[in-house]
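From first to last, the protein sequence lines are chains C and L. Residues 1 to 370 (my numbering) are what the first sequence spells out, left to right. Residues 1 to 370 (my numbering) are what the second sequence spells out, left to right.
Hints are computed from structural coordinates only; laboratory data are not their basis. All values reported here derive from a predicted model rather than from experimental measurement. Even glycine gets a Cβ: it sits at the ideal position worked out from N, Cα and C. Hints may be right or wrong, so weigh each one.
Unchecked claim - Just a sample of chain C residues kept apart from chain L, beta carbon distances all over 12 Å, derived: (1) Thr-46; (2) Glu-104; (3) Asp-109; (4) Thr-307.
What the hints assert, rightly or not - Below, in silico cross-link-like pairs of lysine-lysine (PhoX-like), each with a Cα-Cα straight-line distance of 25 Å or less: (5) Lys-297/C x Lys-323/C; (6) Lys-14/C x Lys-222/C; (7) Lys-323/C x Lys-222/L; (8) Lys-323/L x Lys-297/L; (9) Lys-222/L x Lys-14/L; (10) Lys-323/C x Lys-116/L; (11) Lys-116/C x Lys-323/L.
Number of protein chains: 2
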Amino acid sequence: MNPRFQFDLIATQKRARAGIFHTPHGDILTPIFAPVGTQATVKSVTPAQLQDLGATLVLANTYHLYLRPGAELVANLGGLHDFMQWSNPILTDSGGFQVFSLSESNKIDEDGVTFKSHIDGSMHRLTPEISIGIQEQLGADIVMAFDECAPPQDRAYNERAMARTHAWAERCVLAHKRPDQALFGIVQGGVFPDLRQQSAAFIASLGFPGNAIGGLSVGESKAEMHAMLEVVDVVLPEEKPRYLMGVGSPEDLINGVLRGVDIFDCVLPTRLARHHAAITRTGRMNLVNSTYQADAKPIVESCTCYTCQHFSRAYLRHLIIAKEMLAATLLTLHNIHTLLQLMRDLRQAIVDGALDTFTAQFFADQEQSP
Amino acid sequence: MNPRFQFDLIATQKRARAGIFHTPHGDILTPIFAPVGTQATVKSVTPAQLQDLGATLVLANTYHLYLRPGAELVANLGGLHDFMQWSNPILTDSGGFQVFSLSESNKIDEDGVTFKSHIDGSMHRLTPEISIGIQEQLGADIVMAFDECAPPQDRAYNERAMARTHAWAERCVLAHKRPDQALFGIVQGGVFPDLRQQSAAFIASLGFPGNAIGGLSVGESKAEMHAMLEVVDVVLPEEKPRYLMGVGSPEDLINGVLRGVDIFDCVLPTRLARHHAAITRTGRMNLVNSTYQADAKPIVESCTCYTCQHFSRAYLRHLIIAKEMLAATLLTLHNIHTLLQLMRDLRQAIVDGALDTFTAQFFADQEQSP
């Protein structure tokens, strides 16, 4: 166990866990939500604003940064922390997910994937070794094994993809050198409990300092997602953090925490903000709605974020209608605050042994949308 | 003289002046540059960021806010200060300039202007009384007389426009009621010294608490602008602030200050930022330029703004190429800081009696572009 990446469990309640994950760029208090900075910027906010929101872990995308501006350039400028001026922990994904979802075409073989850039059509290749090499150049605290995310319902595809993911995980372990980076493995297996169990056992056997659950929140039902989390939860080692990739709605965060997840990331708060939507604990509000035209209230009256402490729904709607950039910034600040505050509250509830009351109240409030 | 809008001259050097203009929302230390918040937001920055930059006076556009979201809505939400959450002084223009430059068509008569909205083609009318009424609803600290800005070189047109501007100024004085708002008159007259002199004398005779110089920076030469400022400078009362409308490049600000101007506004720092350009004391830099691709230096090494204290030219270029909103935000912060800092330095130089040295150094530095 690399002491730089120790995980201390502070409290548990049923399957939910409150912990501290130590990294070279500071402690991550779990459960945690990580905002996504796809292109080395969390869209429409400055690092100073993100810091003020209390964000710790931020995710950046290897696929995007590899294509533009290039990993070598980032390395020459001191790595991602210096480049994007984020002094807290950073996580990079492996690039695999974007190769399968964004590239114009891709051809997979046992060794890796050849793909066409979505930006300029140029040809590129990612393998476990290349992905780890790029992630070492980017220099995040947490780096991810190169995996294949299959359509969740296709059993035959998931069997093949899981086998490849396992073989690639072993190659990532061998390729990974930087002791100041923690390499996390990724569990696959679609919506099939036996595959998920098999994958969790194999990934756990490789002794990663943290384990991720991939291939969820990609089209399966909520019930299927919950079932897969429950299968994996009892197999993955308790003493390592668990990371559920690509999940970020308030209800999904709570349901993940209740099933033993410690780390989450999602573009949801930033993407919804650009589509004029505010996340609240009782549902979403689209501020472009004419209902809010003369509404002097903030998005959420009890919210302590900068946006809700200052601006009316009417002003936010005006900014949206007038196509002002400030709309996206103010909604992003509110949305990220909402998710970070939810995680802080969940953590406190676990520490206080009050999680049942907290979640019962949350789901009762959800019944009444704003 | 309304004591709420007292102007104290602190120091002068030749024609340049350092003063304090008192307003109900705080003191404006002059000479001052006012960033423009056309639609009740200074584009791409939050009021908190603007406050951190040390901005005091901000301008908002009556034409835009009248059309959208409407002055009555702003009034119902507590006026512009509450609406846009700017607790320092605000100035609104009269709407006249935009009616002539933006509306799809306009028809002027002695009483006012009928025009077509550039947003939805609807028909509207502005008169001196209507403009003042709207500005009273918006609730800025400084409001402007409704004037007509003519093409600068057309003498016959300028004679007619000046006569109308004078008649309208008298009607604005009669229409204006709110004692917590200072109404400024506007001098017109194109590039014709005799018209400018005549206009300045007439506007001065109406006893406004401040006087503006309109119809400049609209296509005339620098020499013509300087000549008009010099003509007006000796006619306008010394004990009232002078406001040069729509001027904002570093060299124009200095040349204005040297000719007795106290207040300036311009969209330049925010507009250039959205076009990837940084304002520096030695010229403009376009950060999209491939020269900056791997450049680890900040925009200006000696600059104390948030952007220059944190980010490399290479990172800014990456944000621009990747079409990230943060590019506009970071360049806007730098550009506004540059102009505000220039004005603070100019003021200090006037107080210290060191303006000659300061301006000589500035223009010597300008010779070498970055």
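Results of checking the hints against the structure:
1. Residue placement check: Thr-46/C does not keep its beta carbon more than 12 Å from all beta carbons of chain L (closest about 6 Å).
2. No Cβ of chain L approaches the Cβ of Glu-104/C within 12 Å, the least distance being about 18 Å, so the stated non-interface status holds.
3. Remark: the non-interface label on Asp-109/C is consistent with the geometry, its nearest Cβ contact in chain L lying 30 Å away (cut-off 12 Å).
4. Non-interface call for Thr-307/C relative to chain L: violated, since the shortest CB-CB distance, roughly 9 Å, does not exceed 12 Å.
5. Restraint check for Lys-297/C and Lys-323/C: satisfied, since their Cα atoms lie roughly 21 Å apart, inside the 25 Å limit.
6. Restraint check: the Cα-Cα separation between Lys-14/C and Lys-222/C comes to about 20 Å, which is no more than 25 Å; the hinted pair holds.
7. Only pairs whose Cα atoms come within 25 Å are accepted, and Lys-323/C paired with Lys-222/L is rejected, the gap being roughly 34 Å.
8. A C-alpha spacing of about 21 Å is found between Lys-323/L and Lys-297/L, which places the hinted pair at or below 25 Å, so the restraint holds.
9. Our distance criterion of 25 Å between C-alpha atoms is met by Lys-222/L and Lys-14/L, whose separation comes to about 20 Å.
10. For the proposed pair Lys-323/C and Lys-116/L, the alpha carbon gap of about 20 Å is at most 25 Å, so the pair holds.
11. Between Lys-116/C and Lys-323/L the alpha-carbon distance is near 20 Å, which keeps this suggested pair within the 25 Å criterion.
Of the numbered hints listed earlier, those contradicted by the structure are 1, 4, 7.
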